[in-house]
Structures are given as structure tokens and as C-alpha cells.
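Asks: These are the residues of each chain, in order.
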Amino acid sequence: GAVVSQHPSRVICKSGTSVKIECRSLDFQATTMFWYRQFPKQSLMLMATSNEGSKATYEQGVEKDKFLINHASLTLSTLTVTSAHPEDSSFYICSASGKTKTNPSTDTQYFGPGTRLTVL
Amino acid sequence: GIQVEQSPPDLILQEGANSTLRCNFSDSVNNLQWFHQNPWGQLINLFYIPSGTKQNGRLSATTVATERYSLLYISSSQTTDSGVYFCAVEVGQGGKLIFGQGTELSVKP
Chain Z
1 GAVVSQHPSR
11 VICKSGTSVK
21 IECRSLDFQA
31 TTMFWYRQFP
41 KQSLMLMATS
51 NEGSKATYEQ
61 GVEKDKFLIN
71 HASLTLSTLT
81 VTSAHPEDSS
91 FYICSASGKT
101 KTNPSTDTQY
111 FGPGTRLTVL
Chain X
1001 GIQVEQSPPD
1011 LILQEGANST
1021 LRCNFSDSVN
1031 NLQWFHQNPW
1041 GQLINLFYIP
1051 SGTKQNGRLS
1061 ATTVATERYS
1071 LLYISSSQTT
1081 DSGVYFCAVE
1091 VGQGGKLIFG
1101 QGTELSVKP
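In order, the protein sequence lines correspond to chains Z and X.
Taken in order, the first sequence gives residues 1 to 120; the numbers are from our numbering.
Taken in order, the second sequence gives residues 1001 to 1109; the numbers are from our numbering.
To be clear, the hints were calculated from the coordinates, so they are not data collected in a lab.
Check before you lean on any hint, since a few could be wrong.
Claimed, not checked - Derived DEER-like restraints, expressed as beta-carbon distance ranges:
(1) X:I1044 <-> Z:N70: 24 to 30 Å
(2) X:P1009 <-> Z:A72: 38 to 44 Å
(3) X:N1030 <-> Z:T102: 30 to 36 Å
(4) Z:L76 <-> X:Q1078: 24 to 30 Å
What the hints assert, rightly or not - Straight-line alpha carbon distances no greater than 27 Å define the calculated DSS-like cross-link-like pairs of lysine-lysine that follow:
(5) Z:K20 <-> Z:K64
(6) X:K1108 <-> Z:K41
(7) Z:K64 <-> X:K1096
(8) X:K1096 <-> Z:K55
(9) Z:K101 <-> Z:K41
Claimed, not checked - Stretch-level coverage of chain X by chain Z, calculated; a stretch enters the list once three of its residues show a Cβ under 8 Å from a Cβ in chain Z:
(10) 1036 to 1047
(11) 1085 to 1097
Note that the structure is predicted; figures quoted are calculated from it, not measured.
Idealized CB from N, CA, C, for every residue including glycine.
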């Protein structure tokens, strides 16, 4: 199946620093990428939807100045957590949607392995 | 917005047992997916199933769209089936997914 990677897989940072997380679709072009956040023992909450070359659409309650999203190409989206605080510690998961060799006729969504952020 | 409710929240099974997980949703959806999240956090898509029944090995799923629910059946469970099972519904344009709270399954040897 299609592959979506995230980097880094795990990051620990000090409070007040900014952290950038990359999401890449490795073998297909992703017209849309999604960013989710998952707290321990909880479900995935959609944070924002990003389309290549345009501004991201944020879900209600998600601060766009706090969570900067850049979708610079059809294979790369980045999420930057600015001035991170301990309450931002979470598991961040991206997904990429596009047409793949396996499913060439419809956009299919594939999930990355996640990035575990710990803010001290 | 749409509500997605899963039951039961937790389930403990003996290896070899069968189980049924349920997902109720409060409004019409474009699509419904079932995922398994492994202990490392990776989400694995099990089924795209907006309606009807599909089977894949020991797993099968049925969605009754008119009654707004979906069921995931796991037969002859194995310890490797342990993890969290999520259903997610696709709403609106663009593939946005709304996830249920999940069912945490533990299969004991």
C-alpha cells in the first residue's frame, strides 16, 4: 500500500521552543493532508486540513498561530508547534489523501506512523 | 456536528473467542472506515464500508447506513488483534474524518 512517513517519530523539547513535524507521501501525490492530535487513551481529533499551495483550514478551537501548517508540495506538509508548552505534549498524526497505484480512481487517505511530542 | 459513538469502550477476550464492536453515528455520512491502532500508534485501515458487508479473513464489517450504525466482527481472536479499534466517518467534501472514541481490545492467551 501507499506509504506516508513522519519525521521525527519522537521529540522532547523545552517549554517555549518551536518544533517542526514533517509529513511526506512517499509514493503518491497528496492533494490533501490532514493533521490529527491524540492524547493518551483518547481518540484522534482533527486539527486542520491542508491543501497544496493554499492556507490550511483549522478546526474550531485550534489556534492557527500556535500550530502553523505549510503544505509546500504535493508530497510534503509540515506542522510547526510554536512556543510549545507541556499541555501541547501529545501524539501528532498526519494523513495524506490522493490517488495511488492501488486505488487510481479515487482519493484514498493513508496515515503516517505519528510523532510523539513531549514538552518539558 | 456529527456524533460517533463506539461500544464497548473496553473488551477483554480469551484467545479464540469472537467479538462484535459497534459504531453508531448521528447523521448521514459519505463513507465509514474501521481502523486498528497498534501499540506503537500506527493506524491500519481495515475496511472502507459506507454500506453493505465486507470480509477480510477473520474480520468482517457491516454498515447499515439507513440505521446509522456499523459493526466490526472479529472471529477466532488472536493476541495480535489487541489494540484500539476506531471507526471514523467521512463528512462533507474533502475527506475529513471524524473518529469515534475507540474500543480497546485485549486478547489474552
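Asks: For which of the previously enumerated hints does the structure constitute a violation, in increasing order of number?
Replies: 3, 4, 9
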